[in-house]
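Following the hints, position chain W against chain E.
Protein chains in written order, with my numbering: chain E, 1 to 254; chain W, 1 to 603.
Any given hint might turn out to be false.
[Unchecked claim] In silico lysine-lysine, DSSO-like type, Cα no more than 27 Å apart, as pairs:
{"no.": "1", "chain 1": "E", "residue 1": "Lys127", "chain 2": "W", "residue 2": "Lys301"}
{"no.": "2", "chain 1": "E", "residue 1": "Lys112", "chain 2": "W", "residue 2": "Lys36"}
{"no.": "3", "chain 1": "W", "residue 1": "Lys36", "chain 2": "E", "residue 2": "Lys110"}
{"no.": "4", "chain 1": "W", "residue 1": "Lys348", "chain 2": "E", "residue 2": "Lys206"}
{"no.": "5", "chain 1": "E", "residue 1": "Lys206", "chain 2": "E", "residue 2": "Lys127"}
{"no.": "6", "chain 1": "E", "residue 1": "Lys227", "chain 2": "E", "residue 2": "Lys127"}
{"no.": "7", "chain 1": "E", "residue 1": "Lys143", "chain 2": "W", "residue 2": "Lys115"}
{"no.": "8", "chain 1": "E", "residue 1": "Lys206", "chain 2": "E", "residue 2": "Lys227"}
[What the hints assert, rightly or not] Between beta-carbon pairs, the in silico distance windows are:
{"no.": "9", "chain 1": "W", "residue 1": "Asp389", "chain 2": "E", "residue 2": "Thr120", "range": "53 to 59 Å"}
{"no.": "10", "chain 1": "E", "residue 1": "Val231", "chain 2": "W", "residue 2": "Ser340", "range": "19 to 25 Å"}
{"no.": "11", "chain 1": "W", "residue 1": "Leu154", "chain 2": "E", "residue 2": "Arg11", "range": "38 to 44 Å"}
{"no.": "12", "chain 1": "E", "residue 1": "Pro165", "chain 2": "W", "residue 2": "Thr438", "range": "37 to 43 Å"}
{"no.": "13", "chain 1": "E", "residue 1": "Glu210", "chain 2": "W", "residue 2": "Phe600", "range": "53 to 59 Å"}
{"no.": "14", "chain 1": "E", "residue 1": "His155", "chain 2": "W", "residue 2": "Asp389", "range": "52 to 58 Å"}
[Said to hold, decoys possible] Footprint (simulated), chain W over chain E, 3 or more residues, beta carbon under 8 Å:
{"no.": "15", "segment": "45-51"}
{"no.": "16", "segment": "56-66"}
{"no.": "17", "segment": "79-88"}
{"no.": "18", "segment": "95-101"}
{"no.": "19", "segment": "124-137"}
{"no.": "20", "segment": "196-210"}
Don't read these hints as lab results, they were simulated from the structure. Note that the Cβ used here is the ideal one computed from N, Cα and C, for glycine as well.
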Amino acid sequence: MGQEIALRLWRGDRSGGDLGDYVVEVEEGEVVLDAIHRLQATQCPDLAVRWNCKAGKCGSCSAEINGRPRLLCMTRLADFDPTETITVTPMRAFPVVRDLVTDVSYNYEKAKQVPAFSPTARDADGKRRMMQADVERGQEFRKCIECFLCQDTCHVVRDHDDNKPAFAGPRFFLRYAELDMHPLDTNDRRKLAQDAAGLGMCNITKCCTEVCPEGIHITDNAIIPMKERVVDRKYDPLVWLGSKIRRRGQREEL
Amino acid sequence: MSDGHDLESPAYDVVVVGAGGAGLRAAIAAHDAGAKTAIVCKSLLGKAHTVMAEGGIAAAMANVYADDNWQVHFRDTMRGGKMLNNWRMAQLHAQEAPERVLELEEWGALFDRTKDGLISQRDFGGHRFARLAHVGDRTGLEMIRTLQQRAVALGIDVFMECTVTRLLLDGGRVSGAFAYWRESGRFLVFEAPTVVLATGGIGKSYQVTSNSWEYTGDGHALALEAGASLINMEFVQFHPTGMVWPPSVRGILVTESVRGDGGVLRNSDGKRFMFDYIPEYFRSETADTEEEADRWYDDKKANRRPPELLPRDEVARAINTEIKAGRGSPHGGVFLDIASRREAELIKRRLPSMYHQFKELADVDITAEAMEVGPTCHYVMGGVEVDADTGASVVPGLFAAGEVAGGMHGSNRLGGNSLSDLLVFGRRAGLNAAYYCTRLRGQRPRVADDDVKASADAALSPFTDSVAGGENPYAIQKSLQDVMQRLVGIIRTKGELEESLAALEEMKERARKVTVEGHRQYNPGWHLALDLDNMLRVSECIAMAALERQESRGGHTRDDFPGPSEEWGTKNLVLTESGGQILLKHQPLPVMPGDLRQLFEVK
Chain E
1 MGQEIALRLW RGDRSGGDLG DYVVEVEEGE VVLDAIHRLQ ATQCPDLAVR
51 WNCKAGKCGS CSAEINGRPR LLCMTRLADF DPTETITVTP MRAFPVVRDL
101 VTDVSYNYEK AKQVPAFSPT ARDADGKRRM MQADVERGQE FRKCIECFLC
151 QDTCHVVRDH DDNKPAFAGP RFFLRYAELD MHPLDTNDRR KLAQDAAGLG
201 MCNITKCCTE VCPEGIHITD NAIIPMKERV VDRKYDPLVW LGSKIRRRGQ
251 REEL
Chain W
1 MSDGHDLESP AYDVVVVGAG GAGLRAAIAA HDAGAKTAIV CKSLLGKAHT
51 VMAEGGIAAA MANVYADDNW QVHFRDTMRG GKMLNNWRMA QLHAQEAPER
101 VLELEEWGAL FDRTKDGLIS QRDFGGHRFA RLAHVGDRTG LEMIRTLQQR
151 AVALGIDVFM ECTVTRLLLD GGRVSGAFAY WRESGRFLVF EAPTVVLATG
201 GIGKSYQVTS NSWEYTGDGH ALALEAGASL INMEFVQFHP TGMVWPPSVR
251 GILVTESVRG DGGVLRNSDG KRFMFDYIPE YFRSETADTE EEADRWYDDK
301 KANRRPPELL PRDEVARAIN TEIKAGRGSP HGGVFLDIAS RREAELIKRR
351 LPSMYHQFKE LADVDITAEA MEVGPTCHYV MGGVEVDADT GASVVPGLFA
401 AGEVAGGMHG SNRLGGNSLS DLLVFGRRAG LNAAYYCTRL RGQRPRVADD
451 DVKASADAAL SPFTDSVAGG ENPYAIQKSL QDVMQRLVGI IRTKGELEES
501 LAALEEMKER ARKVTVEGHR QYNPGWHLAL DLDNMLRVSE CIAMAALERQ
551 ESRGGHTRDD FPGPSEEWGT KNLVLTESGG QILLKHQPLP VMPGDLRQLF
601 EVK
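Next up, chain E with everything else stripped away, as it sits in the complex (with noise of 0.2 Å):
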C-alpha cells in the first residue's frame, strides 16, 4: 500500500542551514513524525527530531508543519493533498540546535521562578479535602504536556527574543493560574504574574489556544482570569467562589 511523499525539511544547525527536498515512502494512518521516522531510517540517519511516546502525552516532537505549530506524532498525512509537498520546519521561537531540534531551556528557566505550592495544614485524619468542581480548573491547566507550542506562536517573544527576560509565556501564565485557583494553596501570586512573569505584555490574540494540542483554553480560562484579578478583585467573578473556600483570604502575597 505504499505511496511516496514529498517532504520538505530544515536541516541545519546553530551557524544555518537550508530546507531539503526529500521522497519518502507512507502507508495508510501515518503521522508526519512516521514519514520522519522512515527517512531516518533508510535515508538521513543523523536527522535530529525530538520524540518520545507518539501518542500526543509527552509534548516532545513539537515543529511546525506549513509554518503552523504542530505536535508531528499528532498530524496525519491523510490531512493533506497526497501530491503536496509538506514542509516541517523547527520552532521559529527559539534557538535551534540541530535540524527539527531545538534549544527550549528558556521554558525550563521560567519554570524556575514560579514560586512552590504551598498548601495549608492537613486534616485532623491526615487527609485532604477538596470539591471536585474546585479542582476541575486546575485540572484543566494540568493537562498541560509542556510541548511549548503556545511558548512559540506567542507573538510576544515569536520575533522578539528581547522580550524573554520579562516574559514567562502562555504556559507559565496558565501554571501561575493553576495555582491561585488551587483550592488549598496559601500564596498571592497575582503581583509576581502581573510584573515578573509579565502577564501585562499579553494582549490576548489567543494564539496560543488556538495551537494548543490539549485544547485548553489558556486565554479564556487562565489568562484572562488571572488579569481580571491583577487589576481588582470586585470585578473576578472567581473572588465570590474563592470567598466559599477556606482560608481564601489569608493568602500570603509573593
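Relative to the frame of chain E, chain W by itself:
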C-alpha cells in the same frame, strides 16, 4: 582526568539516572536527606515514559471502600505475581503507597475527588477494591509534573538530554558514571560514590510496544556490566489492550481503566469471551455470568469481579488465543466495547485521553463504536536484584528503583502497582543512597583516568570502527524487534527460544560492525548505535531465562510447559555477566514469614 582536553566532571553525592517517577522521587529523597544530588536523563525533563501512564496509582487509602487495607493490597499483589514476588517489597509497597500518594497532593497534584472531597479511587484488574488514585486517564502526567515541579523547586541539578553509557568503579565500588550530552556529543564524567538507576524498561526490543524510544534497557545493561545481578528477566508483561490500527499506532496503550470503568472484550461473534478463560487460581473470586459481572460495578460485596478484570497476563493470553482461533477483529485484534455500556458523557469525562487518542489517530469515536485492541509489550517484571528495604544492588554504591529493579512484581505486575512502586522504592533508594554517602565519611572512591579513556573509546567506536559493509543501526534494531516479537513473545517454546539466542549471537556480530554517519552533534543514529548494545544484552538475558524456566507463570508462557510447576514456584533465575558472557543460576525465593503467609490461607 583527561583524554587530551578538559572533560567536564561534576562531583555529586548521588547521581540519579532517569527522570521518570522513580528517578524524580529518588532525587527528591536524596536531596531531602542532605545529599548533593543530580538527575541525568536522556530526554527533556518531564518527558519520561511515566508521562504515558494512564490508569492510576494503586494505594489502599480506603477512600472508596473502608474495608481496604495494606494486607488486602499485599495479597492482591502477591497473587497477581503468582507468588513469585519478593514478599518484603510487596509488603513495603502496600504499606507505604498511601502516604506517597498524599505526599504528591502536598506537592500540588490535583487528583479526582470522591463526593466527600477525598482522593477518588478506581477499579483495576486484579485489585479486590477500587484502589487507584487517578486524574481522568492521565495520571502519569500528573505524577511526573508534580515530581518535576517539586524537584525544580528544591533546586536539584538536572542534566537533560544526557545519556550515561557506563558506570565507573573503584575496587568494585561505584565511583561515578560516564555520559555524553546528546546535543553536543561531548563527554562528561560524574564523580559520585552512588548511582541510583531509574531507567525504566526494555520494551523497544519488541516490535509492538507501548514503550517510548528511551526504553532500551540501559539500566539493566549498566548494572550487569558493573557486576550487579538481574532477576525475573523471563517475565515480560504484554498489556492486553494496545491499539492495533492504523499500523503507525500499533502498540499504543489503551488504558485498563476502560475495563475498570465498565468496558468489555468481545470477539468477532460478539461474544464476551473472557468467561471462557477464567483460570482455576482465580475462579472463586471471578464472576461466571454476565449478570453477576455487571452487578459488581455497583455492589462489590455481593458479587465477584468481571473476568475482563483478571490480571493482565490472563487477559493477554485469552486475547491472543481468540485471535489465533480466527475470532479476531478485522485488523487482527479483538473488540473493546464501552460505547454500548456507558453514557457518552461519562466516557468522555473518565477517559478523555482515550477519546482524544482514538478520535485523532484512528478516526474512531469510542463513545459510539468499539475499539480494536490487541496485546502490546508493556513492562518488564525483571530487573536489578535489590535489597527490599534499601534498593541496594550487590555492587556497593549502586541502587535501583522502579521498572529497572526486579522482584516487586514477581511474574506479573498488577495495573496501578507501577506508579506506586516508583514512589515507594524511588524514595527508599534515594534515601539509602544518601545514607550510604554519609557512611563513607569522606572516603570517596576515585575515578580512574584509564576507565574514562576506555569509556570514551567505546562510545566513539561506532564512528571509528566504521568498516566497508558496516550496517546502519536502524536495520539491526529492526531485526532485533522482529526476533523478540516472533520468538520471545507471549507464547514461547524451546525451539523458538533456541532460535532466538542463535539470532541474537548473529546480531551481536552485526552490531560490532555498525556504522554511523555524520558527526557527534545531536545524531540519533549514533545514539541508537550505543543503545543497541544495551538492547541486545538485555534481550539475551530475557531469552536465556525464558529457555531455562520450564513452566508457565505470569508473564512467561511456555507452549511446551503449559502449567505452573511447584518446584519452579520456589525459585528465581539470576543473571550476571562475566567476560562478556551472560551467566545464569537458580536461587531460592526469600521465605515469607508466617503472619503474612496466613493472609493466603483465609479466603
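Are there hints from earlier that the structure breaks, and if so, what are their numbers?
Hints 5, 6, 9, 10, 17 and 20 are the ones this structure does not satisfy, whereas the remaining hints hold.
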